[in-house]
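Top line first, the protein sequences correspond to chains S and F. Residue 0 is where the first sequence starts when you use numbering that gives the first Met the number 0, and the numbers rise one by one after that. Residue 0 is where the second sequence starts when you use numbering that gives the first Met the number 0, and the numbers rise one by one after that.
Treat the hints with caution; some may be incorrect.
Unchecked claim - With a straight-line cut-off of 20 Å between C-alpha atoms, the simulated PhoX-like cross-links for lysine-lysine are:
1) 50(S) - 29(F)
2) 65(F) - 86(F)
3) 103(S) - 353(S)
4) 95(S) - 50(S)
5) 256(F) - 353(S)
6) 40(F) - 100(F)
7) 354(S) - 199(F)
8) 297(S) - 311(S)
9) 65(F) - 29(F)
10) 112(F) - 358(S)
11) 103(S) - 152(S)
12) 358(S) - 100(F)
13) 50(S) - 77(S)
14) 247(S) - 256(F)
15) 246(S) - 46(F)
16) 26(F) - 50(S)
17) 100(F) - 86(F)
18) 105(F) - 86(F)
19) 297(S) - 205(S)
20) 50(S) - 203(F)
21) 354(S) - 46(F)
22) 103(S) - 84(S)
23) 29(F) - 72(F)
24) 105(F) - 46(F)
25) 40(F) - 59(F)
26) 105(F) - 358(S)
27) 29(F) - 53(F)
28) 40(F) - 65(F)
29) 353(S) - 105(F)
30) 317(S) - 59(F)
31) 19(F) - 40(F)
32) 185(S) - 86(S)
33) 112(F) - 103(S)
34) 107(S) - 77(S)
35) 50(S) - 82(F)
36) 337(S) - 40(F)
37) 19(F) - 50(S)
To be verified - Away from chain S, derived, C-beta distances all over 10 Å, residues of chain F:
38) 3
39) 104
40) 112
These are computed hints drawn from the structure, not numbers from a lab. Remember, predicted model here, so these are calculated numbers, not experimental data. A virtual CB, placed ideally from N, CA and C, is assigned to each residue, including glycine.
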Amino acid sequence: MVERKRIDVPDLVLEYETRIILLAQGIEGHDEDIAEKRDIIDKNPELYPAKRWSSYAPHLEFLSEQFDDFEIVEDVSKINEILSKHKVNGFNSIRKAGIYKSEKQKVKFVIVSVVSKRDYKKALETEGIHVIYAGHSRYGRGACFDTYKGLHKKEGEQWGTGTGDDNGLYRLGYQYVPISAGDVEKHKYFFYPIPVEEDAPPRDGKHPFSRHPHARGPLGKIRLPLEIQHLVHPSIESSSDTYYGFKKGPEDHILVKAGWDGTVNKPNDLGATDLKCLVFCHFGCSSAVHYWDIVRRKEYKGWERPKPPTEKYAYFTKVPTDKRVTNWWLYYILSYDKKNNGEPWWDSLQWAKKKANQKLHRIGEAYNIIY
Amino acid sequence: MDEDYLLFDWNNIPGEDSSKLIDHLQKCFKIDWLEQAEIEKSEDCQKITLTDGKKTITLKLEAQNKVVLELGKEEQYEYDFVKDDAKTLNVYNKEVLLKLKELDSKDDEGLEKLAINIVEMSMADSRTIINSIHSDDEDESSKSKAVLQSTGEIMLIPLLQSLCPDVPEDYVWDMVTIVDMQIENRVRIANALEVMLEDKRDLKMPVQVPDAEETHIPRRVCDEAFRMLRQLLAFEEGEMDQFFNIDAFLNLSDEEKDAEIDRIRTSKKWISLTEQF
């Protein structure tokens, strides 16, 4: 009998795999806003030592400083052309893109920055892509957008529900969320407090909780400061101008109607979104406590990662967050040094999480990214 | 010798490698006058001197392939040299601290390589002992086991890496030893945390960007100790359950947190752990 000759199969997958990362930059998180804050940071080196803060920079510029071959593309038609080759179409607020080929991973990364709420939702519904939100959490109400050019405007409805599909909140929070009264006064948008004339939101003992984890204690009654009484949404009435809330430190926190499903922002909420992306990253403030349950648990959206972990990857932040988290996350996504084309993304994502956390810890921040 | 730690060719100084030497000294010792320094080599080529007329740094070739750097009378550092041929005498960085100083803080690859290097060096002797614990020579095996048990946790990782399931009895003996070491470590860490639980000092919270929406929840040393203790002991909690429980704890008032710390210290689990101290 002739013994069959064993053939060693070499790495046949020589082609680069293209991975698209949609970077949704929230309100006050556009490149111009980051550059403005960078300027303040640079002028205050005692408060913001360069060693710790040098990575606070517009995301794609940061990456182009780290990688010699990182190419920034500003021509939107060219970006659309690249995206359409991968059947990713229809984004209306593209600002720029970054392209990087990792020789070791055999992966070509295309990172596209967008700024509208519509594009964020579209990204979440796009199969097989990596979506990162970098912006405010609005105290746990969701992701928040505006499509301005230049610097953000400090006041207006774009900080709340918004005036259309492109700005304001994309909601993914608990039904009731505590917000600081100072936030309403600062940004001057309509909000939805719960009048004491109505029943208090229930104090549930188990999932699904209606109240945010930071609002599950006893509630008090708060008379709104005069400055924000006119900002209560007209659909809400309280003869006493008194609403449920609590005092935290020196500040009043008011419980407001928020939610993730069937919200005032529908269809721009998680409930009305068919999550098809492969990776969901919410790097806004303490997003884990605000949204982890909502996105992951079956009592809410139930976007659970399967075993083995081949899809539905999600990452959040544990403590107040700034742009450095997104920058180091992207840096390590691109720096992963093993063959990665045609492979599940899990190993490279977990490696990036570990390395980014270690980096943040080294520059005096907390281990921040969590899945 | 690892080419990553090659500094310069002794025979090219003064000359084309002078800048490499100066660059190394500046990175490691932050000496500002080196840019203008005069570099000379003694006639017998055994000594290099750098001077600005007032201050002097010397490097000398010594026995056993050593180069000694003298920075004043007290401060000395050693390097290795390798004479590759009649023309080349390569000097290599040998000391861990100087290797570290040479690296840029952004050089992740270099830092990782140094870490691997340190682990390899520190584990070399451990591996030699571990290779003997199941030796056919009973005397050698017994002595190696004694050393292993006395050395403790420094052997844990090399022992774990050398686990071999071929002989069931050896396999189990090794794993029992590993688990013992790990338990001992856990008790030591818990012991240190027990002390930290008494420490009520406030921690300085990280500085945030201007106009940050949310601020860090203030923490004390004892709060962090409590958090770490939960990580160490609460096996039944998944990562996210643990996160939510700790978040709830940190949102309590100091008085409520103190009461919670007292509660855990009187819990069965904690008492049984502290009994091992």
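- Message: Hint by hint, where does the structure go against what was stated? Just the numbers, ascending.
- Response: 4, 5, 6, 7, 9, 11, 13, 15, 17, 18, 21, 22, 24, 30, 32, 35, 36, 37 and 39
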